[in-house]
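*Asks:* Letter by letter, the chains look like this.
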Amino acid sequence: MSMRAASEAYAPTGASRLLETVAAWMLAGLWILPLLYALWTAFHPGEYSARFEVLAPVTLDNFSRAWSAAPFARYFLNTFVLVTLVLSGQLVLCTLAAYAFARSDFRGSNIAFALVLIQLMIMPDVLIVQNYKTMNMLGMLDSIPAIALPYVASAFGIFLLRQTFKTVPQELDEAARIEGAGAVQTLLRVYVPLAKPVYLAYGLVSVSYHWNNFLWPLIVTNSVESRPLTVGLQVFASTDQGIDWSIICAATLMTSAPLLIAFLLFQRQFVQSFMRVGIR
Amino acid sequence: MERRAFLQGTAAAGALLAAPAIAQSSTEISFYYPVAVGGPITKLIDTYASEFEKDNPSIKVKPIYAGTYQETIVKALTAHKSGNPPTTSVLLSTDMFTLIDEEAVIPIDDFIRTDDDKAWLKSFFPAFMLNSQTAGKTWGVPFQRSTIVLYWNKDLFKEAGLDPDVPPATWAEQVTFAQKLTKLDQSQGASQWGIQVPSSGFPYWLFQGLATQAGTLLMNEEGNRTFYDRAEVVEALTYWVDLSRKHKVHPTGIVEWGTTPKDFFEKKAAMIWTTTGNLTNVRNNAKFPFGVAMLPAGKRRGSPTGGGNFYISRKAPAAQQEAAFKFMRWITSPERAAQWCVDTGYVAVRPDAFDTPALKKYVTDFPAAAVARDQLQYAVAELSTHENQRVTKALNDGLQAALTGTKSPEQAMKDSQAEAERILTRYR
Amino acid sequence: MRTEAPATPLELVARSIRPSSTTVHAWLLLLPAMTLLALFTHWPALATFIDSFFSTPRPKRGATFVGLENYRQIVDDPIFWQALTNNLLFAIGTIPVSIGLALLMAVWVNDRIAGRTLVRMAYFTPTVLPMIAVANIWLFFYTPQYGLLAQLLSAFGGASYNWLGSKDTALLCVTIVAVWKEAGFFMIFYLAALQQIAPSLGEAAVLEGASRWYFFRRVQFPLLMPTTLFVLINAVINAFRTVDHIIVMTRGGPDNATSLLLFRIYELGFAFWDTSAAAALTMVLLTGLGAIALAQYIFLERRIHYR
Chain G
151 MSMRAASEAY APTGASRLLE TVAAWMLAGL WILPLLYALW TAFHPGEYSA RFEVLAPVTL
211 DNFSRAWSAA PFARYFLNTF VLVTLVLSGQ LVLCTLAAYA FARSDFRGSN IAFALVLIQL
271 MIMPDVLIVQ NYKTMNMLGM LDSIPAIALP YVASAFGIFL LRQTFKTVPQ ELDEAARIEG
331 AGAVQTLLRV YVPLAKPVYL AYGLVSVSYH WNNFLWPLIV TNSVESRPLT VGLQVFASTD
391 QGIDWSIICA ATLMTSAPLL IAFLLFQRQF VQSFMRVGIR
Chain F
173 MERRAFLQGT AAAGALLAAP AIAQSSTEIS FYYPVAVGGP ITKLIDTYAS EFEKDNPSIK
233 VKPIYAGTYQ ETIVKALTAH KSGNPPTTSV LLSTDMFTLI DEEAVIPIDD FIRTDDDKAW
293 LKSFFPAFML NSQTAGKTWG VPFQRSTIVL YWNKDLFKEA GLDPDVPPAT WAEQVTFAQK
353 LTKLDQSQGA SQWGIQVPSS GFPYWLFQGL ATQAGTLLMN EEGNRTFYDR AEVVEALTYW
413 VDLSRKHKVH PTGIVEWGTT PKDFFEKKAA MIWTTTGNLT NVRNNAKFPF GVAMLPAGKR
473 RGSPTGGGNF YISRKAPAAQ QEAAFKFMRW ITSPERAAQW CVDTGYVAVR PDAFDTPALK
533 KYVTDFPAAA VARDQLQYAV AELSTHENQR VTKALNDGLQ AALTGTKSPE QAMKDSQAEA
593 ERILTRYR
Chain U
44 MRTEAPATPL ELVARSIRPS STTVHAWLLL LPAMTLLALF THWPALATFI DSFFSTPRPK
104 RGATFVGLEN YRQIVDDPIF WQALTNNLLF AIGTIPVSIG LALLMAVWVN DRIAGRTLVR
164 MAYFTPTVLP MIAVANIWLF FYTPQYGLLA QLLSAFGGAS YNWLGSKDTA LLCVTIVAVW
224 KEAGFFMIFY LAALQQIAPS LGEAAVLEGA SRWYFFRRVQ FPLLMPTTLF VLINAVINAF
284 RTVDHIIVMT RGGPDNATSL LLFRIYELGF AFWDTSAAAA LTMVLLTGLG AIALAQYIFL
344 ERRIHYR
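Residue numbers (my numbering), protein chains in the order written: chain G, 151 to 430; chain F, 173 to 600; chain U, 44 to 350.
Certain hints may be false.
[Said to hold, decoys possible] Result set (SDA-like, lysine to any residue): computed pairs, CA atoms no more than 20 Å apart in a straight line:
1. F:K215 - G:F222
2. F:K459 - G:F263
3. F:K352 - F:A341
4. F:K487 - G:F202
5. F:K232 - F:K253
6. G:K283 - F:K355
7. F:K355 - F:S416
8. F:K439 - G:F202
9. U:K103 - F:A341
10. F:K226 - F:Y241
11. F:K234 - G:F202
12. F:K487 - F:E200
13. F:K215 - G:V374
14. F:K326 - F:Q351
15. F:K234 - G:T284
Calculated directly from the structure, the hints in this document are not laboratory data.
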């Protein structure tokens with residue numbers, strides 16, 4: 151590592167280091183417990199879902215049951231399309247809007263900004279009936295864009311990017327323009343790169359939210375072709391007939407595995423890309 | 173494409189010859205069904221839909237799997253309010269008044285024209301029709317219906333010195349059996365409970381079993397009056413509370429519905445009350461011999477019915493409504509009802525289904541399947557009123573308050589009744 | 044006249060933006076976002092606001108203007124007060140604890156402890172596990188007799204307890220699940236921020252003989268302030284938005300002990316179909332959140348100016 155963290159000067163040594171390590175590991179153990187439980191239960195027959203014996207037989211049966219319970223391959227695709235659609239839409243729209251707010255003093259900017267901020271506190275979850283009516287009017291029911299659209303103009307994103315763009319020194323902007331860059335080029339060459347950590351942070355919030363969003367997709371979609379993973383997962387979450395933990399755990403692992411593995415493989419790059427563009 | 177249309181046309185013509193009554197062109201009906209997407213039941217429904225289409229080439233059935241009952245009614249009413257409802261839905265029988273009040277459904281009577289139709293409407297178990305009719309009209313057609321039964325662990329009965337083949341028949345027996353079956357350990361915990369009646373989510377349904385056994389109904393037929401504070405209701409609740417507080421044979425606090433079957437499999441509960449819909453689940457997962465019995469009697473035997481009915485949307489075009497009615501008649505024929513019962517464990521909705529070879533064989537192999545049917549003679553309508561969920565919640569809150577010990581049974585039921593009164597006065 | 048490749052409309056719009064650019068162009072930049080906001084936020088919110096002054100439309104009796112009647116009913120409804128209390132307790136429980144734990148996790152993972160890759164991974168797992176499935180796993184942890192907690196307790200001679208089935212502990216249980224879900228997520232932001240702090244600061248502080256706590260309190264923590272605000276906004280919104288696990292684990296019970304405001308809105312609107320009551324309660328919630336958002340915004344603006 152070329153860059154050492156500031157705390158390194160204060161890195162604990164000796165007993166305090168041991169103490170810290172033990173504490174960190176204990177908390178980690180606590181945090182990973184549900185995942186460990188899911189691993190145990192998914193790979194063992196149902197009668198071992200509450201009994202932890204070393205010699206319990208191992209089985210893949212729960213996975214095949216879970217996989218065949220719903221068209222998960224299609225749901226994966228749908229969720230992927232949905233998350234991509236939402237995030238790319240958000241990034242474009244929020245960048246444009248944030249640029250307008252950060253760098254131009256225009257008439258009505260305060261009112262416009264207030265109108266944007268309103269969405270910070272209005273959760274789309276409580277506007278479901280009205281939004282359903284709108285989607286019906288637009289003839290978009292039961293489609294992936296219908297799930298995505300209410301979330302694309304994100305006040306949170308606009309707000310974050312505006313704050314970030316405001317911290318970009320005016321001189322950089324002017325320098326780019328003197329070199330002959332138009333507004334779009336300035337935006338792309340100066341502002342966007344400087345805001346990279348914010349884009350990443352925001353992207354993480356957005357992807358994890360929409361990967362797991364449930365109620366609105368359920369209401370607005372009807373068919374396998376448009377439904378995301380969570381709606382498929384819900385097959386197992388309904389408790390009317392009693393909870394079958396084995397199959398829930400298998401399905402949970404199956405659907406979360408791509409994200410878990412991706413994070414495991416890329417976590418270093420992931421965290422570093424946060425810090426790469428920072429204070430120099 | 174043209175060839176396909178041509179083939180369809182000839183098929184329709186063929187159907188026309190076979191059944192001269194059908195004269196409409198191709199109609200598509202959408203059908204909301206309360207199960208999560210995927211799973212074995214969706215495959216069954218898909219099969220039924222395509223078989224029906226084969227028999228009725230002019231009608232297309234499009235099943236839409238809408239999640240739990242609660243999510244399905246949310247979807248159906250949201251669609252209704254925005255003017256684009258499904259032609260037909262399977263929704264809780266207890267939502268009847270809500271659907272009527274929202275003018276979301278149309279009476280089935282509007283489609284009853286021939287003597288054959290009339291005979292069909294009379295062919296269901298009367299207990300199931302209690303939640304399908306009000307003020308002389310029929311609003312729903314029973315489809316996937318259930319009741320509450322008692323499951324017991326025969327091994328644990330033997331261990332406790334009880335006859336493994338004799339379930340408790342009365343409230344008193346239920347307590348004495350449970351006392352023998354409870355293993356208390358040092359610190360007020362129990363390694364094994366004698367009996368367990370779940371109380372999370374919808375405690376009113378299980379409680380209605382107790383109240384019926386105590387000899388009272390919980391509401392009137394018009395669905396605009398409740399009797400939560402009657403002495404018998406308080407008596408039933410006191411019995412439930414005493415199971416844990418006085419006799420210490422039942423877990424304290426709220427017992428989770430979803431984990432109750434698992435508690436049974438883990439031998440943490442020797443007897444449980446739950447739906448007949450759990451029959452297949454218990455059969456597949458219990459690693460010990462078990463029995464299924466009618467609920468024990470207080471002053472009488474009794475259990476509410478539960479589950480879902482077919483409804484037809486008021487806003488759907490007439491041709492679609494007719495097609496939906498036809499689908500309903502088709503899917504509730506004795507053979508289909510029998511098949512449905514075998515495939516899912518729900519109670520077949522009409523007595524003559526039990527005379528079909530398929531169901532006869534099933535009952536011989538698995539006598540427990542007949543218990544629910546036999547209990548139907550004692551069954552009452554499930555709690556259902558105007559503003560059903562709100563009035564039901566009033567009772568749920570009271571029950572949970574009493575079970576968690578925050579209110580006495582009398583006080584809890586008095587409060588529940590007051591809340592229900594407040595809501596229902598305007599419907600009188 | 045110079046000739047150049049024809050520009051896209053977007054470029055034309057954007058190109059003309061200068062620090063002193065015209066109102067029209069700024070609004071054109073805002074247009075796509077504003078259209079969607081108007082369609083899916085402003086209009087439905089306005090409709091909700093209007094609805095809250097009318098009675099719930101029923102087919103036989105249309106909506107009539109009732110003034111503040113719906114709000115009066117909310118005030119009279121004991122379950123509203125309980126849900127409000129629960130939600131405040133839930134917020135007080137989740138916000139500081141999850142932020143504090145996130146910071147602690149970040150500090151630990153930032154130090155060179157053994158196996159920190161695995162530890163970091165462990166802290167982050169809740170974020171990728173969908174709540175709707177994970178809530179069922181937590182249900183198992185809390186299950187009396189054979190649940191994980193019960194098994195652990197009995198190993199130490201403790202008695203089995205019905206955690207979710209008692210009014211005293213149910214809210215605490217769902218609060219813990221929310222903390223578990225959020226802390227690791229917030230940790231990522233703190234971790235990134237911690238690693239941006241220049242090493243020279245730490246070295247200088249050592250030279251001056253500052254204690255580690257002093258260094259954290261006076262140097263690291265202030266530098267983390269923007270991150271804390273970012274995380275805080277998220278945490279506040281989440282405290283009033285999280286209901287998935289309530290639906291799976293308790294459905295607001297026992298006897299409303301875990302009913303939160305959004306859960307109550309959902310219940311009023313989609314279980315009782317009392318859309319006006321739901322609209323009024325939505326407005327109450329939005330007003331509360333609006334006040335919080337405004338306070339945070341003012342604070343944030345002041346900080347930016349200060350800088």
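*Asks:* When the structure is checked against the list of hints, which entries are broken? Sort them ascending.
*Replies:* 2, 4, 5, 6, 9, 10, 11, 15
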